[in-house]
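Using our numbering, read the sequence shown as starting at 1262 and increasing by one per residue.
Hints are not guaranteed to be accurate.
Cross-link-like lysine to aspartate or glutamate pairs, in silico, EDC-like; alpha carbons within 20 Å at most [claimed, not checked]:
no. : residue 1 : residue 2
1   : Lys1293   : Asp1331
2   : Lys1293   : Asp1311
3   : Lys1325   : Asp1311
4   : Lys1360   : Glu1348
5   : Lys1297   : Glu1348
Simulated restraints, written as ranges between beta carbons of each label pair [stated by the list, open to error]:
no. : residue 1 : residue 2 : range
6   : Ser1416   : Ile1395   : 26 to 34 Å
7   : Lys1293   : Asn1338   : 15 to 23 Å
8   : Glu1324   : Leu1296   : 50 to 58 Å
9   : Gln1300   : Asp1331   : 15 to 23 Å
10  : Ser1410   : Lys1357   : 52 to 60 Å
11  : Lys1357   : Arg1404   : 19 to 27 Å
12  : Asp1301   : Ala1328   : 24 to 32 Å
13  : Glu1324   : Gln1285   : 50 to 58 Å
14  : Lys1353   : Ala1328   : 24 to 32 Å
15  : Lys1297   : Arg1351   : 49 to 57 Å
16  : Glu1324   : Ala1284   : 49 to 57 Å
17  : Asp1311   : Pro1342   : 44 to 52 Å
18  : Arg1351   : Glu1281   : 29 to 37 Å
Please keep in mind that the hints were generated in silico from the structure rather than gathered at the bench. The C-beta atom is built at its ideal place from N, Cα and C for all residues, glycine as well.
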Amino acid sequence: MRLFVIAFLVVLTAFSCSSERQAQYHYRKALKHGLKVVQDTDTIRITTIDSFPVIINDSIVYEKYIAYRDTVINFQNVYVPTTKFQERIRYKERIKTLKIKGDTQVKIVKHEAKAKVKTKQVVKYRTSWWVVLIAFVLGFFLRFILNSSFFNRISLLLRYRNQL
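Take these sequences, add in the hints, and give me the full structure.
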């Protein structure tokens, strides 16, 4: 039984997909789903400064020689397609930015309209002082009511009242 399992594993590993086959499979699959490989070329000019000796009047003088060489560079731009989830996120971001721009424009228009109205009419805010006074008085009395000594005083008052 062991020999059969070992032989099966050897055959399985021998005929399984190699890394090259897997790479080709995934590359073809990506091309099918929208992968675009674009080969771009660019020309770069390389400047080199050379010097060579020249004998003039029994002295050695170095002459400078500037050479230009053009090289062509090939590079690949890979366009990877986005998933539905990534497209959804980009769409939401675009909508949010458009909404923010729209809100700011509306706020600017409203602010300009308010500025025109304020020049004609001054709005005064009136505070209801009765509400403030009632809240202050209630707070003052609640401080005494919620104190434990207040309950003790009431219980003593009731005891003395029953004794009389």
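Results for each hint:
1. Lys1293 - Asp1331: Between lysine 1293 and aspartate 1331 the Cα gap is close to 37 Å, so the pair fails against 20 Å, i.e. violated.
2. Lys1293 - Asp1311: 52 Å, violated
3. Lys1325 - Asp1311: 6 Å, holds
4. Lys1360 - Glu1348: 18 Å, holds
5. Lys1297 - Glu1348: Roughly 18 Å between the alpha carbons, so the hint for lysine 1297 and glutamate 1348 holds.
6. Ser1416 - Ile1395: 26 to 34 Å: Hint holds: Cβ distance 29 Å, inside 26 to 34 Å.
7. Lys1293 - Asn1338: 15 to 23 Å: 19 Å, holds
8. Glu1324 - Leu1296: 50 to 58 Å: 54 Å, holds
9. Gln1300 - Asp1331: 15 to 23 Å: 19 Å, holds
10. Ser1410 - Lys1357: 52 to 60 Å: Cβ of serine 1410 to Cβ of lysine 1357: about 59 Å, so the range 52 to 60 Å holds.
11. Lys1357 - Arg1404: 19 to 27 Å: Taking Cβ atoms as reference, lysine 1357 and arginine 1404 lie about 49 Å apart, which means the hint is violated.
12. Asp1301 - Ala1328: 24 to 32 Å: Distance hint for aspartate 1301, alanine 1328 holds at roughly 26 Å.
13. Glu1324 - Gln1285: 50 to 58 Å: 56 Å Cβ-Cβ, so the 50 to 58 Å window holds.
14. Lys1353 - Ala1328: 24 to 32 Å: 55 Å, violated
15. Lys1297 - Arg1351: 49 to 57 Å: Once the Cβ atoms are compared, 18 Å apart, the range 49 to 57 Å for arginine 1351 and lysine 1297 is violated.
16. Glu1324 - Ala1284: 49 to 57 Å: 54 Å, holds
17. Asp1311 - Pro1342: 44 to 52 Å: 49 Å, holds
18. Arg1351 - Glu1281: 29 to 37 Å: About 35 Å separates the Cβ atoms of arginine 1351 and glutamate 1281, which means 29 to 37 Å holds.
When held up to the earlier numbered hints, the structure conflicts with 1, 2, 11, 14 and 15 and fits the remainder.
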